[in-house]
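Asks: Listed here are the chains, written in short residue letters.
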Amino acid sequence: MKGMTVIVKKTTQLIAGIVFLYGIYIILHGHLTPGGGFAGGVIVAGSFILLILAYGSDFLNLVKEERGSTTYENLAILVFLFLALTGMIAGTRIFFANWLPHGTPGELVSAGFLPLYNIFVGIEVAASILTIFLALIIFKEEVLK
Amino acid sequence: MELAISVIIIFMILGAIYAIHASDILSAVIAGGIVGYSLVICFLLLKAPDLAIVQIVVETITLIIMVAVVLDSSRTEAYGKFDTQAWVTAATAVVILAILFWFLKEASAPLAPFGENTMRMADAYVNGAVDKTGSVNLVTGVLFDFRGYDTLGEATVLITAVLGVLTILRIRGRK
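Taken in sequence, the protein lines are chains A and B. The numbering of the first sequence is the working numbering, which starts it at 911 and goes up by one. The numbering of the second sequence is the working numbering, which starts it at 1061 and goes up by one.
Incorrect hints may have been included.
[As the list claims (entries may be wrong)] Some chain A residues flagged as far from chain B (calculated, every beta-carbon gap over 10 angstroms):
hint : residue
1    : Gly-913
2    : Ile-925
3    : Phe-930
4    : Leu-961
5    : Asp-968
6    : Thr-996
7    : Arg-1003
[Claimed, not checked] The following label-pair restraints were derived from C-beta to C-beta distances:
hint : chain 1 : residue 1 : chain 2 : residue 2 : range
8    : B       : Thr-1136  : A       : Phe-992   : 43 to 53 angstroms
9    : A       : Thr-915   : B       : Ala-1172  : 55 to 65 angstroms
10   : B       : Ile-1156  : A       : Thr-1014  : 48 to 58 angstroms
11   : A       : Gly-978   : B       : Thr-1136  : 31 to 41 angstroms
12   : A       : Thr-981   : B       : Leu-1229  : 15 to 25 angstroms
[What the hints assert, rightly or not] Some chain B residues close to chain A (C-beta under 7 angstroms, calculated; not the full set):
hint : residue
13   : Pro-1109
14   : Val-1190
15   : Val-1196
16   : Thr-1200
17   : Phe-1204
18   : Asp-1205
19   : Ala-1215
Hints in this document: simulated from the structure, not taken from any laboratory. Using N, Cα and C, we set each Cβ at its ideal position, and we do this for glycine too.
The whole structure should be built from the sequences, with the hints applied where relevant.
Replies: Dropping the structure here:
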């Protein structure tokens, strides 16, 4: 897949970082404002997809990227499962127990485990969608060869 | 608001019908996008911004992938001929649809009228979620605390989808 024109490349340079930061904002504020791990994860994946579409597949080592994103996706869901299991270790013996202190509702660090769940679900969703996109592109490149 | 939603739904139905009957697949994909983006406006009108954010981003990425796939393959639709097997398939579909509709009618008869009699669960969620979970966003509170199992299942569905895509789209392993 070839890259696009200079205008698209320059605009993507300016925009992709902002899109990435907006996704992280949506993930981190998931327990305060609309959004959360699923929406923010897709936005983060969208910023990477934007870069790949604008710069073409020669710019990045796509196979290496795909290996990395698969690893992160599997690790994120393992950590999510482990966080859900920590309730059993902490003595409450409930799966998905929210045993951390809740804090004041409305602050950034509050609501116990919910921000952590949001972060890891966000990583998982972003890596999954990026992996699917990269797999499609790599398949096309290999077919064209 | 109901009028606006009705107009948008008519628009969605028109887009879906055009997507089925378009001879060019690219215009069919874009007409399918009408359905998704109209759904975003419906979610916003129904005061569900969480869903609207997810829907607009997922719709955009899906549309990009679909357009890329269509541009790389053929743009004309492959029409199969309408032989005996197609008749049997269509008849089976109609019969199963009728049976399912009958079961739905029978099963929904003893329920309360739609929209009335709010469930006790929903009442407890709306009134007690902030105290129990500490999360101001009620959707996140329900999604990750009360319904944690469901979220784990959704994440597992994503993992399974990626596994399926990676299994189908491998060339090196086949050789």
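Asks: If a hint holds in the structure, say so; if it does not, say that too.
Replies: Checked hints:
{"no.": "1", "hint": "Gly-913", "result": "14 angstroms, holds"}
{"no.": "2", "hint": "Ile-925", "result": "14 angstroms, holds"}
{"no.": "3", "hint": "Phe-930", "result": "13 angstroms, holds"}
{"no.": "4", "hint": "Leu-961", "result": "13 angstroms, holds"}
{"no.": "5", "hint": "Asp-968", "result": "17 angstroms, holds"}
{"no.": "6", "hint": "Thr-996", "result": "12 angstroms, holds"}
{"no.": "7", "hint": "Arg-1003", "result": "15 angstroms, holds"}
{"no.": "8", "hint": "B:Thr-1136 x A:Phe-992: 43 to 53 angstroms", "result": "51 angstroms, holds"}
{"no.": "9", "hint": "A:Thr-915 x B:Ala-1172: 55 to 65 angstroms", "result": "59 angstroms, holds"}
{"no.": "10", "hint": "B:Ile-1156 x A:Thr-1014: 48 to 58 angstroms", "result": "54 angstroms, holds"}
{"no.": "11", "hint": "A:Gly-978 x B:Thr-1136: 31 to 41 angstroms", "result": "38 angstroms, holds"}
{"no.": "12", "hint": "A:Thr-981 x B:Leu-1229: 15 to 25 angstroms", "result": "18 angstroms, holds"}
{"no.": "13", "hint": "Pro-1109", "result": "4 angstroms, holds"}
{"no.": "14", "hint": "Val-1190", "result": "6 angstroms, holds"}
{"no.": "15", "hint": "Val-1196", "result": "5 angstroms, holds"}
{"no.": "16", "hint": "Thr-1200", "result": "5 angstroms, holds"}
{"no.": "17", "hint": "Phe-1204", "result": "4 angstroms, holds"}
{"no.": "18", "hint": "Asp-1205", "result": "5 angstroms, holds"}
{"no.": "19", "hint": "Ala-1215", "result": "5 angstroms, holds"}
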